[in-house]
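In case you want the letters, here they are:
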Amino acid sequence: MRWSKQRLGKAGLAVAVVALCCALGISADTAEHQLTVYTAQSSYSLPVLDRGGKAYLNVADLLSPLGASQPHVKGKEWRLELNKAELRLTEGKEKAVIRGHQADLGGKVLVEDGRVLVPMDAALSLLSQLLKTAVDYHQPARRIFVGNVFTRFHAELKNGDQPSLVLTFSQPIKRLDANHEEDRGVLFTHTDRTTLTFSQDPLVSDVNKQQFGEGAIQSLTFSEENGAASITVTGNSKLQVIRSEDGKTISLQPQAPVAVATPEPTQQTAPSVEEGQRHTQEFFVMIDPSHGGYDKGAIFGGKLAEKEITLRLARELRKELEERGIAARLLRDSDIDLALERRAEITNEQHAGIYVALHAGRPGRGVRVYSSLLSDPQQPLAGRFLPWDSAQSGALNRSQAAAHAVAGELRKKGLTVASLGMPVRPLNNIVAPAIAVELAPEGDDPQSMESQKRHNTVASAIASGIAQVRGQMGVRP
Amino acid sequence: MIPRHFQITVALVLLAILVSGMVIIRITHKEEAMTLRGADTAPVVPVVGGKQEHIQVLVAYDDDQALRWRPADVFLPAERGMRARETLRCVMAQYLQSPSPHPLAKGADIKDVYFINDDTMIVDTTAQFADGHPSGILLEEMTLASLIETLAANVPGITKVKFLVDGKERETLAGHADLMSFYQTAAVHEMAKEFE
Ligand SMILES: [Zn+2]
Chain F
1 MRWSKQRLGK
11 AGLAVAVVAL
21 CCALGISADT
31 AEHQLTVYTA
41 QSSYSLPVLD
51 RGGKAYLNVA
61 DLLSPLGASQ
71 PHVKGKEWRL
81 ELNKAELRLT
91 EGKEKAVIRG
101 HQADLGGKVL
111 VEDGRVLVPM
121 DAALSLLSQL
131 LKTAVDYHQP
141 ARRIFVGNVF
151 TRFHAELKNG
161 DQPSLVLTFS
171 QPIKRLDANH
181 EEDRGVLFTH
191 TDRTTLTFSQ
201 DPLVSDVNKQ
211 QFGEGAIQSL
221 TFSEENGAAS
231 ITVTGNSKLQ
241 VIRSEDGKTI
251 SLQPQAPVAV
261 ATPEPTQQTA
271 PSVEEGQRHT
281 QEFFVMIDPS
291 HGGYDKGAIF
301 GGKLAEKEIT
311 LRLARELRKE
321 LEERGIAARL
331 LRDSDIDLAL
341 ERRAEITNEQ
351 HAGIYVALHA
361 GRPGRGVRVY
371 SSLLSDPQQP
381 LAGRFLPWDS
391 AQSGALNRSQ
401 AAAHAVAGEL
411 RKKGLTVASL
421 GMPVRPLNNI
431 VAPAIAVELA
441 PEGDDPQSME
451 SQKRHNTVAS
461 AIASGIAQVR
471 GQMGVRP
Chain B
478 MIPRHFQITV
488 ALVLLAILVS
498 GMVIIRITHK
508 EEAMTLRGAD
518 TAPVVPVVGG
528 KQEHIQVLVA
538 YDDDQALRWR
548 PADVFLPAER
558 GMRARETLRC
568 VMAQYLQSPS
578 PHPLAKGADI
588 KDVYFINDDT
598 MIVDTTAQFA
608 DGHPSGILLE
618 EMTLASLIET
628 LAANVPGITK
638 VKFLVDGKER
648 ETLAGHADLM
658 SFYQTAAVHE
668 MAKEFE
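Sequences listed follow chains F and B, in order. Each residue of the first sequence is one higher than the one before, counting from 1 in our numbering. Each residue of the second sequence is one higher than the one before, counting from 478 in our numbering.
If you are wondering where the hints come from, they were derived from the structure by calculation, not from laboratory data. Quick reminder that beta carbons are idealized off the backbone N, C-alpha and C, glycines included. No false leads were mixed into what you were given.
Output of the computed footprint for chain F on chain B, the stretches with three or more beta carbons under 8 Å from beta carbons of chain F: (1) 607-620; (2) 641-653; (3) 658-670.
Please take these sequences and the hints and turn them into a complete structure.
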């Protein structure tokens with residue numbers, strides 16, 4: 001059998017590689033290496049470069065996010081300033097001059113195509129001496145903490161009808177990626193692991209392992225590597241991860257059995273406490289010019305990017321809304337990257353009255369208006385939690401009403417309009433009424449996507465539609 | 478201090494593993510060389526057992542933004558998982574032909590499908606399926622609706638479907654359509670009606 005011999009060959013190869021690695025002490029880690037710097041204002045990650053077996057950083061990657069000037073060359077020296085402090089580096093030298101004092105870098109300065117590279121471990125002394133503040137360096141994990149920015153957490157297992165593990169954080173969590181793995185072993189043993197990865201939060205822990213018992217949630221481990229921290233929860237059941245609206249609590253619980261049909265939201269999906277307070281705030285429209293930065297979206301006529309069309313249309317829509325006395329905010333007003341999840345978070349945090357995502361896409365003609373399709377409605381927890389993937393459930397009727405009104409106004413302007421319910425990200429994650437509007441090219445003509453007149457018409461119709469339903473947006477029908 | 482006889486034993490064990498590994502590699506290389514020589518006549522894709530069936534697949538047409546049922550003759554295995562995979566590949570094949578009613582990137586394919594329980598299926602696609610998918614809300618939703626509806630129509634009992642891309646979760650297909658959620662086939666059935 002050819003198949004079995006190939007398998008045998010692969011196994012043999014694996015055995016040989018493992019043996020060789022053991023013998024030579026080589027790590028099999030081939031993932032891209034990065035270092036993360038956490039400050040009170042922001043967190044950023046930069047690539048770690050391998051130069052002759054030694055880890056290096058581009059000094060501009062390390063310091064410019066903190067406000068440093070770009071390195072400029074003067075004679076043989078490269079200079080840059082940060083907070084009026086000067087750093088001087090010379091190619092081939094192992095010492096830097098910081099604020100006029102010599103500092104050891106632990107390796108030579110390299111210059112490649114105008115980029116100045118310093119040994120990774122020198123980041124600690126560069127940052128602490130330039131910033132004159134406490135800097136902590138978790139070297140094996142490549143994490144640097146500037147000032148006392150640590151986020152800590154504690155874990156508590158709640159044993160009710162259904163066990164749930166509640167993680168409480170000292171500061172709101174900015175970004176969370178959850179991953180699930182399961183092992184089905186022999187004799188019905190079954191292990192589920194849910195790993196929460198925190199790439200932008202200065203999460204630390206004094207305890208690396210906590211045991212809870214034998215059930216659905218058995219243990220928690222904390223680890224950090226490659227510029228990120230992670231919490232892994234092990235048990236015998238797949239866990240649902242739910243983050244509270246304020247970002248300070250994450251709860252994990254066994255997945256509830258899911259209903260097949262899409263039920264109308266019940267009283268249980270009542271808005272959170274925070275949403276209740278929203279009604280006293282000023283109503284405003286959160287306009288999302290979709291895509292931006294590296295994410296160009298669709299491309300028209302070979303060069304016109306969707307991200308440019310959405311931004312232009314967004315500014316036009318803001319103007320039209322303001323002319324009707326309705327406040328509006330833009331999620332981005334320049335060409336920046338903004339994750340879909342983050343767009344939803346900002347909209348929820350700021351308690352928008354309605355969220356309008358703008359897109360441009362083929363095929364067809366005219367304009368398409370979307371409200372959400374909740375494919376997997378989850379049973380929300382009691383109290384202040386809303387399941388992230390069905391946060392929209394309580395507002396779906398109002399979203400549909402808004403989509404209907406906007407579609408009606410677009411039709412009045414003589415445009416071809418389709419009104420559809422579809423699972424478009426991030427509509428499901430928005431607590432407020434939420435719609436997406438997609439502008440299609442007129443008769444396959446990419447030029448039509450740039451037409452100022454068309455942008456005016458569409459923006460004016462969306463604004464009129466919103467003005468019509470504004471009164472219903474804050475309350476559940 | 479580690480005793481010297483222990484050190485020698487460990488060294489010998491490592492050496493034995495290394496040598497046996499090398500020997501197996503050599504055997505495999507011979508085997509591969511033989512396989513390559515014979516490759517001209519050997520079928521590239523293993524033959525899947527089953528029988529020829531006449532099925533209906535839901536095909537997306539970009540020109541008029543519609544989804545329409547079309548007949549297809551396909552060899553379908555009896556085993557549910559294999560049947561699901563071949564059904565989905567039959568839909569993909571409609572889009573990879575030229576001219577295509579709804580073009581997908583070369584290399585777009587189904588890598589694997591598996592049930593996590595009786596009614597919930599995970600569909601793992603190739604990276605090219607998502608990386609090369611044209612970006613746009615309607616284009617992406619048409620792809621998903623056509624795959625899920627065809628699956629539900631030809632493999633009874635599937636009520637939830639989730640997509641992975643090259644074994645990993647991905648937030649969207651190409652910037653718009655949600656790939657994080659489990660799709661309820663009943664809800665997708667309602668969604669597909671919007672394209673009639
Ligand atoms: Zn878009």
